[in-house]
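K.L.:
The residues making up each chain are set out below.
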Amino acid sequence: MSEKTLFDTSKDQDVADRLAAEALIVDLDGYEGPLDVLLTLARTQKVDLLKISVLKMAQQYLAFVERAKELRIELAADYLVMAAWLAFLKSRLLLPPDPTEEGPSGEELAAHLAFQLERLQAMRNAAAKLMARDQLGRNFFARGIPESVERVKRVSYTATLMELMQAYSRLRTRDEFRPFVMDRDNVYTLEQALEAMRGLINFAGDWTDLTSYLPNGWTEDPVRRRAATAATFAASLELAKAGKVELRQSDTFAPIQLRRKASSDDR
Amino acid sequence: MTDESANTRPNETLFEAPPMAEQERMVEAILFASAEPVTIKDLNARMPHGCDAAAALVHVQKRYEGRGVHVVRIGEAWAIRTAADLGFLMQKETVEVRKLSRAAIETLAIIAYHQPVTRAEIEEIRGVSVSRGTLDLLLEMEWIRFGRRKMTPGRPATFVVTQGFLDHFGLESARDLPGLKELRAAGLLDNRPPPDQQDEEDEEDQDDLFDEKETS
Amino acid sequence: MTDESANTRPNETLFEAPPMAEQERMVEAILFASAEPVTIKDLNARMPHGCDAAAALVHVQKRYEGRGVHVVRIGEAWAIRTAADLGFLMQKETVEVRKLSRAAIETLAIIAYHQPVTRAEIEEIRGVSVSRGTLDLLLEMEWIRFGRRKMTPGRPATFVVTQGFLDHFGLESARDLPGLKELRAAGLLDNRPPPDQQDEEDEEDQDDLFDEKETS
Numbered sequence: 040m041s042e043k044t045l046f047d048t049s050k051d052q053d054v055a056d057r058l059a060a061e062a063l064i065v066d067l068d069g070y071e072g073p074l075d076v077l078l079t080l081a082r083t084q085k086v087d088l089l090k091i092s093v094l095k096m097a098q099q100y101l102a103f104v105e106r107a108k109e110l111r112i113e114l115a116a117d118y119l120v121m122a123a124w125l126a127f128l129k130s131r132l133l134l135p136p137d138p139t140e141e142g143p144s145g146e147e148l149a150a151h152l153a154f155q156l157e158r159l160q161a162m163r164n165a166a167a168k169l170m171a172r173d174q175l176g177r178n179f180f181a182r183g184i185p186e187s188v189e190r191v192k193r194v195s196y197t198a199t200l201m202e203l204m205q206a207y208s209r210l211r212t213r214d215e216f217r218p219f220v221m222d223r224d225n226v227y228t229l230e231q232a233l234e235a236m237r238g239l240i241n242f243a244g245d246w247t248d249l250t251s252y253l254p255n256g257w258t259e260d261p262v263r264r265r266a267a268t269a270a271t272f273a274a275s276l277e278l279a280k281a282g283k284v285e286l287r288q289s290d291t292f293a294p295i296q297l298r299r300k301a302s303s304d305d306r
Numbered sequence: 068m069t070d071e072s073a074n075t076r077p078n079e080t081l082f083e084a085p086p087m088a089e090q091e092r093m094v095e096a097i098l099f100a101s102a103e104p105v106t107i108k109d110l111n112a113r114m115p116h117g118c119d120a121a122a123a124l125v126h127v128q129k130r131y132e133g134r135g136v137h138v139v140r141i142g143e144a145w146a147i148r149t150a151a152d153l154g155f156l157m158q159k160e161t162v163e164v165r166k167l168s169r170a171a172i173e174t175l176a177i178i179a180y181h182q183p184v185t186r187a188e189i190e191e192i193r194g195v196s197v198s199r200g201t202l203d204l205l206l207e208m209e210w211i212r213f214g215r216r217k218m219t220p221g222r223p224a225t226f227v228v229t230q231g232f233l234d235h236f237g238l239e240s241a242r243d244l245p246g247l248k249e250l251r252a253a254g255l256l257d258n259r260p261p262p263d264q265q266d267e268e269d270e271e272d273q274d275d276l277f278d279e280k281e282t283s
Numbered sequence: 068m069t070d071e072s073a074n075t076r077p078n079e080t081l082f083e084a085p086p087m088a089e090q091e092r093m094v095e096a097i098l099f100a101s102a103e104p105v106t107i108k109d110l111n112a113r114m115p116h117g118c119d120a121a122a123a124l125v126h127v128q129k130r131y132e133g134r135g136v137h138v139v140r141i142g143e144a145w146a147i148r149t150a151a152d153l154g155f156l157m158q159k160e161t162v163e164v165r166k167l168s169r170a171a172i173e174t175l176a177i178i179a180y181h182q183p184v185t186r187a188e189i190e191e192i193r194g195v196s197v198s199r200g201t202l203d204l205l206l207e208m209e210w211i212r213f214g215r216r217k218m219t220p221g222r223p224a225t226f227v228v229t230q231g232f233l234d235h236f237g238l239e240s241a242r243d244l245p246g247l248k249e250l251r252a253a254g255l256l257d258n259r260p261p262p263d264q265q266d267e268e269d270e271e272d273q274d275d276l277f278d279e280k281e282t283s
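Chains as they are written, first to last, in the numbering used here: chain Y, 40 to 306; chain D, 68 to 283; chain W, 68 to 283.
Hint data in this document are derived by calculation from the structure and do not stem from the laboratory.
Accuracy of the hints is not assured; some may be wrong.
[Claimed, not checked] From the structure, some residues in chain D lie toward chain Y, with a derived Cβ separation under 8 Å: (1) Ala84; (2) Ala100; (3) Ser101; (4) Tyr131; (5) Val139; (6) Gln158; (7) Glu163; (8) Tyr180; (9) Ile192; (10) Arg193; (11) Leu206; (12) Met208; (13) Phe213; (14) Lys217; (15) Leu250.
[Unchecked claim] Pairs of lysine-lysine residues, derived as BS3-like cross-links and limited to a Cα-Cα distance of at most 25 Å, are as follows: (16) Lys192/Y to Lys129/W; (17) Lys90/Y to Lys108/Y; (18) Lys159/D to Lys108/W; (19) Lys90/Y to Lys248/W; (20) Lys129/D to Lys129/W; (21) Lys192/Y to Lys168/Y; (22) Lys108/D to Lys129/D; (23) Lys168/Y to Lys129/Y; (24) Lys108/D to Lys192/Y; (25) Lys217/W to Lys108/D; (26) Lys166/D to Lys192/Y; (27) Lys129/W to Lys159/W; (28) Lys300/Y to Lys280/Y; (29) Lys192/Y to Lys85/Y; (30) Lys168/Y to Lys166/W; (31) Lys217/W to Lys166/W; (32) Lys248/W to Lys168/Y; (33) Lys283/Y to Lys300/Y.
[What the hints assert, rightly or not] Partial pick of chain Y residues on the chain D-facing surface, computed with a CB cut under 10 Å: (34) Lys90; (35) Glu202; (36) Leu203.
Note that this is a predicted model, so its numbers are computed, not measured.
No residue lacks a Cβ here, since even glycine has one placed at the ideal position from N, Cα and C.
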């Protein structure tokens, strides 16, 4: 903004402003707000937006608002706010700067307005370039018969070896399964021993060796003998606990002897 | 359509038809973008005057041979379609993993330990009938298959486990399944009856003894 | 979903990835089948384990250079689109795009070039208030969406353009917007608040404020 342009307000300029104002009013509807109007005014200066005379533009705008008032055209508030601001800007630009006054200078305000106009213009150009691009569905195309992705749900079953073995074990323990018993050839159970001893105990009035209670066929083979001895001993403890027999052992590792407990029978 | 546009644009006959490579591009683009299969007639109507859509199509079709998509004929029309062997890409598979039912795993265990085994034998061991569904499931999973028929009256079918079964359980062969001894050592094959049956068996106070045994 | 199925099928890692030629076919098939752009991640998720979709894609892209259809990049995704020079063949497929108002087009451009941008910033640039309808329309067309809120007082919502926007205008990314570099170089994409706002905001030294402005 040179000093010259600021103070160069001739009669011709007034006429030009009037004409510009008339032109704006003719198609006021076509404008997108006051900035748009200013941009149009700026363009009439036919110079680079960076070099426009903001003052001249402000004067034209104010003339436009005045003219609108004369013609009793109702302007939106935006336009009036802009007019007030431009009037303020004009005074700042015309009067010598007051050093006591705070706030931005007229030059700064004008520069920002010029920037805003340039930015708006730039965005408009960018929008035009964007819309001029090849567009999907107009210049280039997507697949006409898209194949959608089908969702397939598959159920997969799983099991672990442990589960398999447990299942089998469960089956084998639930039922009396032959091979299972065969496998226990050499085991003489506590139950078996108890069973055998209950039948014999009534005849044991005197101390008898525990080993004499071992069943037939379990005394020769060491494995069988061991199993039968252990079971028989456990059974004798069980009977003693029930109060049916008495046990004694003269010394460590000496033969264990037992006899019927007389009192238990009497009661 | 064809005749009409030819009539309304008579000047076009004066132009040379585009080179075949261009025509191929056109056929490619039209087949790609069209929402439905396109006939040769449609192609010719849409392409510039003088084009030979049928010839161009042959080239395009050849170009897509062995590719991920093919040019296929559908009735009188043509379209681009996914190669049949890549159909799986058009499916998004979600896998839900479930545990085998007790019936299924017991049946599987019996087959594994006793193979080849007939259905009647499985039922005898399980003590309950085996549903068709259970065997079907195991067959479908390819963990069991039919073995040789038994040389007994009625020649019943037998079941055996498959390589897939062995792979899944990390076994070299079914013979590698832990035997009864190992099961017992692992505490899986306890000779004691399940707790609910104990009451019936003994009325005397053996409980103490059993407890003792358990802690030892 | 992908991870889940990957977890449930651990054996797949044992298989060799298909040869690159096969992977190319797969990428081809998937891109052809979809009207929407597909990300590398999606491609890899749909292809068998061990595939390198990104590498296969490079080959496929090269294969379609100069053809009637192209492999194009759209943001983080890829799609096949017909060559733009063949658009004239596709009158039948042409979609009537809603005629956008000047306000809508300007707003869209401002969002694209200034994103993420708040409504107040759009209004500041256009010098006029943005009607709710304009933004709603652009949101509905899925050309814009809400971005992250600004870390300024009031935490205003921002708008950004979508992949659909890029796809529609054939842009690889928002960085490829026409004239973007020049606009940035000219300082026209800077966020310069008007000097009078400084009075309202605070009474500090203007120097500080300008410094602040420059660094922001």
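K.L.:
Are the hints correct? Go through all of them and say.
P.N.:
A quick look at each hint next to the structure:
1. Ala84: violated, 23 Å
2. Ala100: Check passed: Cβ of Ala100/D comes within 4 Å of chain Y, closer than 8 Å.
3. Ser101: With a minimum Cβ separation of about 4 Å from chain Y (threshold 8 Å), the hint on Ser101/D holds.
4. Tyr131: violated, 15 Å
5. Val139: Hint on Val139/D: violated, closest Cβ of chain Y at ~11 Å, above 8 Å.
6. Gln158: holds, 5 Å
7. Glu163: Holds - the Cβ of Glu163/D comes within 8 Å of chain Y, reaching about 5 Å at its closest.
8. Tyr180: holds, 6 Å
9. Ile192: holds, 6 Å
10. Arg193: holds, 6 Å
11. Leu206: violated, 12 Å
12. Met208: holds, 6 Å
13. Phe213: It is violated, given that the least Cβ distance between Phe213/D and chain Y is near 20 Å, above 8 Å.
14. Lys217: At about 19 Å, which exceeds the 8 Å cut-off, the nearest Cβ of chain Y leaves the hint on Lys217/D violated.
15. Leu250: holds, 5 Å
16. Lys192/Y to Lys129/W: Judged against 25 Å, a Cα distance of about 36 Å means the pair is violated.
17. Lys90/Y to Lys108/Y: violated, 30 Å
18. Lys159/D to Lys108/W: holds, 14 Å
19. Lys90/Y to Lys248/W: It holds: about 22 Å lies between the C-alpha atoms, which stays within 25 Å.
20. Lys129/D to Lys129/W: holds, 18 Å
21. Lys192/Y to Lys168/Y: At roughly 48 Å apart (the allowed maximum being 25 Å), Lys168/Y and Lys192/Y break the hint.
22. Lys108/D to Lys129/D: holds, 20 Å
23. Lys168/Y to Lys129/Y: violated, 35 Å
24. Lys108/D to Lys192/Y: violated, 42 Å
25. Lys217/W to Lys108/D: violated, 57 Å
26. Lys166/D to Lys192/Y: Given that 25 Å is the threshold and the Cα spacing comes to 16 Å, the pair holds.
27. Lys129/W to Lys159/W: violated, 29 Å
28. Lys300/Y to Lys280/Y: holds, 11 Å
29. Lys192/Y to Lys85/Y: It is violated: about 69 Å lies between the C-alpha atoms, which goes past 25 Å.
30. Lys168/Y to Lys166/W: holds, 16 Å
31. Lys217/W to Lys166/W: Answer violated: Lys217/W to Lys166/W is near 31 Å, above 25 Å.
32. Lys248/W to Lys168/Y: Distance of about 14 Å is within 25 Å: holds.
33. Lys283/Y to Lys300/Y: holds, 5 Å
34. Lys90: violated, 49 Å
35. Glu202: holds, 6 Å
36. Leu203: Holds. Min distance 5 Å.
Going through the hint list in order, the structure does not satisfy hints 1, 4, 5, 11, 13, 14, 16, 17, 21, 23, 24, 25, 27, 29, 31 and 34.
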